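S.K.: Each chain, written out:
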Amino acid sequence: MGLTKRIIPCLDVDRGRVRKGTHFLDLRDAGDPVELASRYRDEGADELVFLDITASVEQRQTMRAWVEQVARALDIPFTVGGGIRTLEDARALLCSGADKISVNTAALARPALIRELSETFGRQCVVVAIDARRRAEGERLWFEVYSHGGRRPTGRDAVAWAQEAEALGAGEILLTSIDQDGTEAGYDLELTRAVVERVRIPVIASGGCGHPAHIFDVLTIGGADAALAASIFHYDKYPIPHVKRFLRERGVEVRL
Amino acid sequence: MRVFVLDYGVGNLFSLRAALEREGVEPIVSAELPSKGDFAALILPGVGHFTPVAERLGRIRDRLRQWIAHERPILGICLGMQVLFEESEEGVGCGLGFFRGRVVRLPDSVKVPHIGWNALRVRRWHPLLEGIEDGAWVYFVHSYHPHPVDPTIVLAEADYGRTFPAIVARGMLFGAQFHPEKSGTVGRRVLQNFLTIARERWRS
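These protein sequence lines map, in sequence, to chains S and W. Each residue of the first sequence is one higher than the one before, counting from 3 in this note's numbering. Each residue of the second sequence is one higher than the one before, counting from 55 in this note's numbering.
There could be a bad hint or two in this list.
Stated by the list, open to error - Here are some chain W residues pointing at chain S (derived, C-beta under 8 angstroms):
no.: 1; residue: A72
no.: 2; residue: F152
no.: 3; residue: W179
no.: 4; residue: G185
no.: 5; residue: V195
no.: 6; residue: E211
no.: 7; residue: R216
no.: 8; residue: G241
Honestly, the hints are just simulated from the structure, not real lab data. Keep in mind that this is a model prediction, so the values were computed, not measured. All residues carry an ideal CB built from backbone N, CA and C; glycine is no exception.
Take the sequences, apply the hints, and build the full model.
M.R.: This is the structure we're talking about:
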């Protein structure tokens with residue numbers, strides 16, 4: 003036995019409420035982060051990722067409040083991302099009980115932020131999120147990093163950026179394929195493989211999951227350490243125990 | 055029952071506090087370690103870097119010795135367990151030396167830090183492991199692990215690159231390399247067992 007592959011549901015939170023789908027038909031309040039988090043925990047989620055998508059800065063005050071409530075209820079690790087720009091933003095969330103924080107646009111704008119976070123809080127709680135899109139130039143396929151929630155191209159190469167993030171002190175990479183995100187057609191295995199082969203920290207694959215077989219592929223062919231998914235777990239389509247049994251039957255070590 | 059959680063001033067103790075509250079105990083979190091007096095147990099949490107934490111604890115070594123002399127249960131979690139040993143490859147400075155041995159880095163053959171769920175292999179039964187089955191999953195986040203001189207203190211091990219101690223115990227001194235407060239039902243049980251041990255001693 004050894005380290006298991008992790009299955010990580012992702013929840014988008016807007017002004018303290020979970021968005022995208024109602025997830026479970028029998029929940030009293032499907033928009034409540036605490037209820038959903040507890041439900042996923044009971045089903046066997048290994049970790050949770052919350053992305054705060056609240057647009058306005060003023061309303062971000064709500065973030066600490068729901069993070070605290072989640073931390074009070076949850077006995078598995080969780081990551082919080084979205085709009086973290088400074089050490090103080092990170093400190094507030096970590097002190098509210100988040101185990102890890104995830105940075106994206108702010109780290110692209112000022113890569114030293116990764117080092118500061120790592121030196122202040124330890125690299126184990128610093129997740130660098132990378133959103134990337136395929137680029138074909140002649141024969142060459144590469145992956146371009148996008149900032150601002152996948153809207154703005156940066157010209158950076160995703161593999162090089164992942165390596166730089168690792169060197170600066172990232173503890174994990176959360177790698178999302180913009181091309182695959184929302185398609186439910188499967189993860190971008192080439193993107194995942196490309197990054198996994200070039201860094202020595204865990205890689206969480208994201209974007210495109212629509213079936214347990216996609217998770218199997220990204221954990222084996224893609225080489226990812228963890229698979230993040232959202233819609234697959236909605237409406238009890240493929241509950242977590244089902245996904246984990248599917249993986250275990252095919253020889254992937256999971257926590258069941 | 056009151057349990058003291060020592061705050062080294064470096065990080066997130068919210069989860070640990072919440073986990074203790076879920077068990078109905080009253081955690082007192084402070085940077086100043088009191089004499090054992092009113093507390094049934096002490097927890098050294100698992101956040102920070104070896105050198106500053108060891109330095110800080112070194113200053114209150116005598117007070118910690120009193121807790122041990124009176125067999126008041128102490129649980130070190132992750133780094134809080136590592137500082138109970140003599141020294142660490144993570145940095146300079148002396149650990150508390152309550153356990154003999156060094157803290158060493160995980161091998162380069164695996165990704166470090168070791169982040170995620172790994173299985174416990176039970177080596178020796180102990181009340182701390184009541185209800186914990188061989189192979190139970192717990193959550194690890196660490197780059198270093200202790201290498202005890204005395205192998206009999208190891209209650210459970212885990213495998214990652216090599217076999218390392220996941221739970222150690224001697225007398226009323228306990229250490230866990232994983233995070234019980236983040237290890238779901240299994241972690242909760244370990245914490246409950248520790249609190250049961252503390253409660254029994256508190257009454258006697």
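S.K.: Any hints this thing doesn't respect? Which numbers, in order?
M.R.: 2, 3, 4, 6, 7
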